[in-house]
Amino acid sequence: MSEAAMPLYEVFIRPKAGLSHKHVGSLHAADDDMALNMARDVYTRRAEGVSIWVVQSKLIAASDPVDKDMLFEPTASKVYRHPTFYDIPEEVGHM
Amino acid sequence: MTPTPLLTYTLRLADNALVLGHRLSEWTAHAPTLEEEIALANLALDLVGQARMLYDYAAKIEGKGRREDDFAFLRDDRAFLNVLLVEQPNGDFAATMVRQLFFAAYAQPFYAALAGSKDETLAAIGAKAEKEMAYHLRHAGEWVIRLGDGTEESHARAKAALDDLVIYIDELFEVDAGDRALIEAGIAVDPAKIRPAFDKALGEILDEATLALPKVSHAHRGGREGLHSEHLGPMLAEMQVLHRAHPGAEW
Numbered sequence: 001m002s003e004a005a006m007p008l009y010e011v012f013i014r015p016k017a018g019l020s021h022k023h024v025g026s027l028h029a030a031d032d033d034m035a036l037n038m039a040r041d042v043y044t045r046r047a048e049g050v051s052i053w054v055v056q057s058k059l060i061a062a063s064d065p066v067d068k069d070m071l072f073e074p075t076a077s078k079v080y081r082h083p084t085f086y087d088i089p090e091e092v093g094h095m
Numbered sequence: 001m002t003p004t005p006l007l008t009y010t011l012r013l014a015d016n017a018l019v020l021g022h023r024l025s026e027w028t029a030h031a032p033t034l035e036e037e038i039a040l041a042n043l044a045l046d047l048v049g050q051a052r053m054l055y056d057y058a059a060k061i062e063g064k065g066r067r068e069d070d071f072a073f074l075r076d077d078r079a080f081l082n083v084l085l086v087e088q089p090n091g092d093f094a095a096t097m098v099r100q101l102f103f104a105a106y107a108q109p110f111y112a113a114l115a116g117s118k119d120e121t122l123a124a125i126g127a128k129a130e131k132e133m134a135y136h137l138r139h140a141g142e143w144v145i146r147l148g149d150g151t152e153e154s155h156a157r158a159k160a161a162l163d164d165l166v167i168y169i170d171e172l173f174e175v176d177a178g179d180r181a182l183i184e185a186g187i188a189v190d191p192a193k194i195r196p197a198f199d200k201a202l203g204e205i206l207d208e209a210t211l212a213l214p215k216v217s218h219a220h221r222g223g224r225e226g227l228h229s230e231h232l233g234p235m236l237a238e239m240q241v242l243h244r245a246h247p248g249a250e251w
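Just so you know, the sequences run in chain order A and B.
Numbered according to the numbering used here, the first sequence spans residues 1 to 95.
Numbered according to the numbering used here, the second sequence spans residues 1 to 251.
In case anyone wonders, no lab produced these hints; they're calculated from the structure.
Glycine included, each C-beta is placed from N, C-alpha and C at the ideal position.
Heads up, a few of these hints could be off.
[Claimed, not checked] Under the rule of at most 20 Å between Cα atoms (straight-line distance), these lysine to any residue pairs were calculated in the SDA-like manner:
{"hint": "1", "chain 1": "B", "residue 1": "K131", "chain 2": "A", "residue 2": "V50"}
{"hint": "2", "chain 1": "B", "residue 1": "K159", "chain 2": "B", "residue 2": "L206"}
{"hint": "3", "chain 1": "B", "residue 1": "K128", "chain 2": "A", "residue 2": "T44"}
{"hint": "4", "chain 1": "B", "residue 1": "K131", "chain 2": "A", "residue 2": "T44"}
{"hint": "5", "chain 1": "B", "residue 1": "K131", "chain 2": "A", "residue 2": "A47"}
{"hint": "6", "chain 1": "B", "residue 1": "K118", "chain 2": "B", "residue 2": "A185"}
{"hint": "7", "chain 1": "B", "residue 1": "K128", "chain 2": "A", "residue 2": "A62"}
{"hint": "8", "chain 1": "B", "residue 1": "K118", "chain 2": "B", "residue 2": "E184"}
{"hint": "9", "chain 1": "B", "residue 1": "K128", "chain 2": "A", "residue 2": "R40"}
{"hint": "10", "chain 1": "B", "residue 1": "K128", "chain 2": "A", "residue 2": "A47"}
{"hint": "11", "chain 1": "B", "residue 1": "K131", "chain 2": "B", "residue 2": "L202"}
{"hint": "12", "chain 1": "B", "residue 1": "K131", "chain 2": "A", "residue 2": "Y43"}
{"hint": "13", "chain 1": "B", "residue 1": "K131", "chain 2": "A", "residue 2": "E48"}
{"hint": "14", "chain 1": "B", "residue 1": "K131", "chain 2": "B", "residue 2": "G49"}
{"hint": "15", "chain 1": "B", "residue 1": "K131", "chain 2": "A", "residue 2": "R40"}
[Stated by the list, open to error] To give an idea of the interface, some chain A residues facing chain B are shown, with a C-beta separation under 7 Å as derived from the structure:
{"hint": "16", "residue": "S26"}
{"hint": "17", "residue": "A30"}
{"hint": "18", "residue": "D32"}
{"hint": "19", "residue": "D33"}
{"hint": "20", "residue": "M38"}
{"hint": "21", "residue": "V42"}
[Unchecked claim] Simulated DEER-style distance windows between Cβ atoms:
{"hint": "22", "chain 1": "A", "residue 1": "P15", "chain 2": "B", "residue 2": "E174", "range": "41 to 47 Å"}
{"hint": "23", "chain 1": "B", "residue 1": "K128", "chain 2": "A", "residue 2": "E48", "range": "33 to 39 Å"}
{"hint": "24", "chain 1": "A", "residue 1": "E48", "chain 2": "B", "residue 2": "A192", "range": "37 to 43 Å"}
{"hint": "25", "chain 1": "B", "residue 1": "F173", "chain 2": "A", "residue 2": "V55", "range": "39 to 45 Å"}
{"hint": "26", "chain 1": "B", "residue 1": "P214", "chain 2": "A", "residue 2": "S26", "range": "35 to 41 Å"}
{"hint": "27", "chain 1": "A", "residue 1": "D67", "chain 2": "B", "residue 2": "D163", "range": "55 to 61 Å"}
{"hint": "28", "chain 1": "B", "residue 1": "D149", "chain 2": "A", "residue 2": "G25", "range": "26 to 32 Å"}
{"hint": "29", "chain 1": "A", "residue 1": "L8", "chain 2": "B", "residue 2": "T121", "range": "41 to 47 Å"}
This is chain A alone, in the form it adopts within the complex (with noise of 0.2 Å):
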């Protein structure tokens, strides 16, 4: 099967109303619609999610590795940007 038949998509699903989509995986479609149906087949058996999202590899820009020490390292270093001094209440659940 070609590449450009069935080109590689990338897998999102949200585990459950109120978290974000997740990466899951990826796997081969022929167009959006399919690419959907089979996430759903793939990636939900187990009850694994609510909502999926589907997005061509190619369409996604992804930072290089190489800059990695440039982009990451500088945060190492400023603590003061967590918000762990913070006591979050119960009820507020996830942040």
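Starting from the structure of chain A, add chain B where the hints point.
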């Protein structure tokens, strides 16, 4: 003693589900892509799950101590009451999808209507199965659209499948005297009432697929009375061999 109309009715539904489910399971390790392989196995499991609930109910109706496995594995082809459509061989992928489209376009409105049955067990099975068959209809419909409106070869294969399988449609909508009594009692579904939904769904999908249902002057029938095509026997032999060789085998 002849079986009651309710037992016959329930067994026909169960046999349709089991035989089609087994046919789909034959694709395991042979499907065109990994994704479709999992999809076909999912569809098969939906159908086998429906069959189990229906056999379980048939066993209760009959009340002779038989269990679901006895119905599935210890009856010969003449005792199976499924329609001829579901026992037809998988053929190529187009043939499997057209067969699935025909069955799902019938079964989805059928189970939606059965959910309103006065028989509580059948109504509960109908409510569950309707959602499953709605997805089968979408899955098969999307494929038939892409095969019909795809390449020259995929169009030709989808057309050939329609030509081969169209003769099995009318049997889905047959009614005998026992069915008629159950329909009047509010237990069974009147197939005439769901035919418009079948024709509409099929018509829309085939239009989009640039295909058309061939006109035929005759329909094949007999499965509902246990008169099957040559294909059911070999399928049952493979399906039943383990249980017959090792009675009561479990895992």
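Interface hint compliance - A30 of chain A to chain B, C-beta minimum distance less than 7 Å: 6 Å, holds
Is the hint on V42 of chain A kept, meaning its closest Cβ partner in chain B is under 7 Å away? 5 Å, holds
The hint says 37 to 43 Å between E48 of chain A and A192 of chain B; measuring C-beta to C-beta, is that right? 41 Å, holds
Given the proposed pairing of K131 of chain B with T44 of chain A, does the C-alpha separation stay at or below 20 Å? Roughly 15 Å separates the two Cα atoms, so the pair holds.
Quickly compare the C-alpha distance for K131 of chain B and R40 of chain A to 20 Å and report which way the hint goes. 14 Å, holds
Identify whether the interface hint at D33 of chain A stands, where standing means a beta carbon of chain B within less than 7 Å of its own. 6 Å, holds
Can the restraint linking K131 of chain B and G49 of chain B be considered satisfied, given a maximum Cα separation of 20 Å? Answer holds: K131 of chain B to G49 of chain B is near 13 Å, not above 20 Å.
K128 of chain B paired with A62 of chain A [C-alpha distance capped at 20 Å]: 42 Å, violated
Okay, D149 of chain B versus G25 of chain A on CB: inside 26 to 32 Å? 29 Å, holds
Proposed proximity, A47 of chain A with K128 of chain B (alpha carbon, max 20 Å): OK: K128 of chain B and A47 of chain A at ~15 Å, within 20 Å.
Lying within 41 to 47 Å: is that true of the beta-carbon distance L8 of chain A to T121 of chain B? 45 Å, holds
Distance restraint hint 35 to 41 Å, applied to the beta-carbon atoms of P214 of chain B and S26 of chain A: 40 Å, holds
In this structure, the hints that do not hold are numbers 7, 16, 18 and 23, in rising order.
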